[in-house]
Amino acid sequence: MNAFLFLRGLKRIPYFQIGFILTLGICFLPLLPGLAGLLLSALGFIPALNQYHFSLLGFYQLLSWPGITQSILSTLLVTLASTLLTTLLAFSIVQSCWHSRWWKKIENLLAPILALPHVAFAVGFAFLFSTSGFLARIAQLLNESTTFSDWEIIHNQYGLGLIFALTIKEIPFIIFMSIPIFKQLNVDKTVQIGQSLGYSRDQVWQKIIFPQWLPKIRFSLFAIMAYSLSVVDVSLVIGPTNPPTLPVLLWSWLNDANLFTLPKASAGAFLLLLSCIVLVYLIRFLEWLIAKRCQGWQVNGRFALPTMGKSVILITYAISFATLLILFTWSFVQRWSYPDIIPTQWSGRFWLQEWDYLWTITKNSALLAIASATIALICVLILHENNAQSKTSNNTKTSKVSLRFPLPALLIFIPILAPQISLLFGMQVATLYIASQHYYLWVIWSHIFFAFPYLYLALDGPWRSYDQRLDKVSLSLGMSPIKVWWKIKMPILLPAILFAWAIAISVSLAQYLPTMMLGAGRISTLTTEAVALASGQDRRISAIYALMQSLLPALFFILAIIIGRKTGKLENRTRSCDKNDIITQ
Amino acid sequence: MTLLLNKIAITDGNHKTLISPISFTVAAGEILSLMGPSGCGKSTLLNVIAGHLPHDFHCSGEIYLNNLLLNNTAVEKRNIGLLFQDDLLFPHLNIWQNLAVALPNTVKKSQRKMQAMETLEAINLSFLADNSPAKISGGQRARISMMRMLLAQPAAVLLDEPFNKLDKSLRSEFRDWVFQQIQERKLPALMVTHDQADLPDNGAVLQWPWQQPKEQLNA
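Protein sequence lines, in the order shown, are assigned to chains D and X. Heads up: the first sequence runs through residues 76 to 660, numbered per my numbering. Heads up: the second sequence runs through residues 787 to 1005, numbered per my numbering.
Hints are not guaranteed to be accurate.
Said to hold, decoys possible - The list that follows gives simulated cross-link-like pairs (lysine-lysine, BS3-like), each with its CA atoms no further than 30 Å apart:
| # | chain 1 | residue 1 | chain 2 | residue 2 |
| --- | --- | --- | --- | --- |
| 1 | D | Lys-547 | D | Lys-558 |
| 2 | D | Lys-258 | X | Lys-863 |
| 3 | D | Lys-367 | X | Lys-972 |
Just so you know, the hints here were simulated from the structure itself, not pulled from any lab data.
Input sequences plus hints: build the corresponding full structure.
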């Protein structure tokens, strides 16, 4: 009898509501200490330094630092130039290649390029473009009088290398995010109609499709802008050094043994957040100007700008794969003197030498990533279910008080829209008050926080395209809601869930600042080691860590794709049977 | 103006014959209707004429418009208007801008809005000029879509089930208006339809299995 009552009691526990509250706590709570800690510290309230009064001392210190103007300007230049170039080049690629015979190959190669971590890419990029890099060797071979130092782009003071690298790395992301948008825009029919009105293919893309695409890709543009504005790891490897970009400067102040650099650092973090908000509005303003306010150019006749989409995609993919190839080569080099075009001696010695430590941190990185990605996945599933249920419950009046309400998209995407260093600064301050010695806990928490929006985005499409009628039919057959989810919905969406999980793992594996700041330097991952070694002298060791950093997420992607393929294509599973299917059968 | 198809044959990616060699002429102001079951190649034939043959399909034969061979002419230079069952108005532009898009390049910037407004006045829809396509009725969208096509001054018109999505009350009225516009401008037109009721009173019909057009049965 007692057991029966216990089981009945268990059934009455509102699991979903508890899960939803936990999700809010895990994924959104860090925003509060993140923003509050940042604001209070920026205004001089830092109890750790016995500063209990509000002041603008941090801002004075920041603005009187020699080189701060140049640092801010180069940060803004890098951000604006890379975002603008990425937007235009990604669009020109799709314009030139959409549904051409190249398109399928371009689409298939997106996943491996997206899986390549930024840090590994930056290390490989430096090996290619540095003054003694692979391209310099080729240039020397072709013309002995050529010196690469004349047009050095790595650690260039205006950030040219950083702009170039970020553009090449973000182009595949924007293409990836644009594919569902172009499908939704019914591009093929629009091109047909445009051409029947006398427009060439390029003119249709630029005059009719671009103004429709721009507002829809807005959030992705915000994300790449925020990333470029606040990037530390890539900037440490290839960015300007004298002075460095603002986030790198802040990072060096935060690491300073002298705690009195803290007000300056917090004021800088606040400034970075403000810059991000201003740039979000600037992008929004430009979009409004181009797509809505000044529409004259869209209706003034049949003109188009020349594009080089095919060349751009070729360069993007060639550089992305060349970085992997150069990392692989360097990891087996014994001797490769400048200007030799190929190594003169090969060896696996460095792999053997590093293996023990490499294996330990690989395990460490993988465990951290699996834990963070799995918890984040559970949270995202709860949130998507909540959104799906809240849509249904809006249509049906219930007497029960419901916790189900859709969360605003902005709240979900803040972790990828706000500069990481700004949020982490506040989170780090908050952990000092709670229990800062639980480094693993805080690092996992921060990884969940930053992986969450990517996971949410990855599962948004599949959740929307899932045919809700399947749930209704299953419920009408007498199945419980949990059983319907477990037996019907989950198996159908499994490939998407696995792929999203792999995305979350790759995001977690790539986290540098959260691991360093909340782990207080006590937790090592492949990413933290790859960044630390990138500034060292031995390219062979750097290559090994950077290569491992790219192989690990690729492994999880391959795993997800294999399991997903065994269970069938997602499109076939989520597609509802429409009239055309019946006709063609 | 005449549209002439000479021995047009189409095969799909698996070398399966979709349309065996077929020849016909559509005279100025004439509306030739294509009828047949789904998958018999009606819309593919329109795509061939418009220049939108899918990559893996193959087409032989010649297409002439006003005695000019179209086979190797760029799609946008063929001067052939298209009307689908979906109006496909551009959703980011308002109504007058949707019309202005179609005006020839020779029309000056300052004149474009005025000409678009004149077109709207001609169909008594000028009050919709600044509206978004999403905010007007299906019948109004269909009319504007037709006018947009005509503003581009096509030399021939292809209609792919253009009345399918309209409700009964609008359908016959819109159909008569479209036919009237085509005949007034003396454009050769080819129309794909499933519905006998959509056939023009004095037009010819090409019925599947394809053969030379017959005079419409119920004419």
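Checked hints:
1. Lys-547(D) to Lys-558(D): Distance ~12 Å between Lys-547(D) and Lys-558(D) Cα, so the pair holds.
2. Lys-258(D) to Lys-863(X): 26 Å, holds
3. Lys-367(D) to Lys-972(X): Not satisfied, since the Cα-Cα distance of roughly 38 Å exceeds 30 Å.
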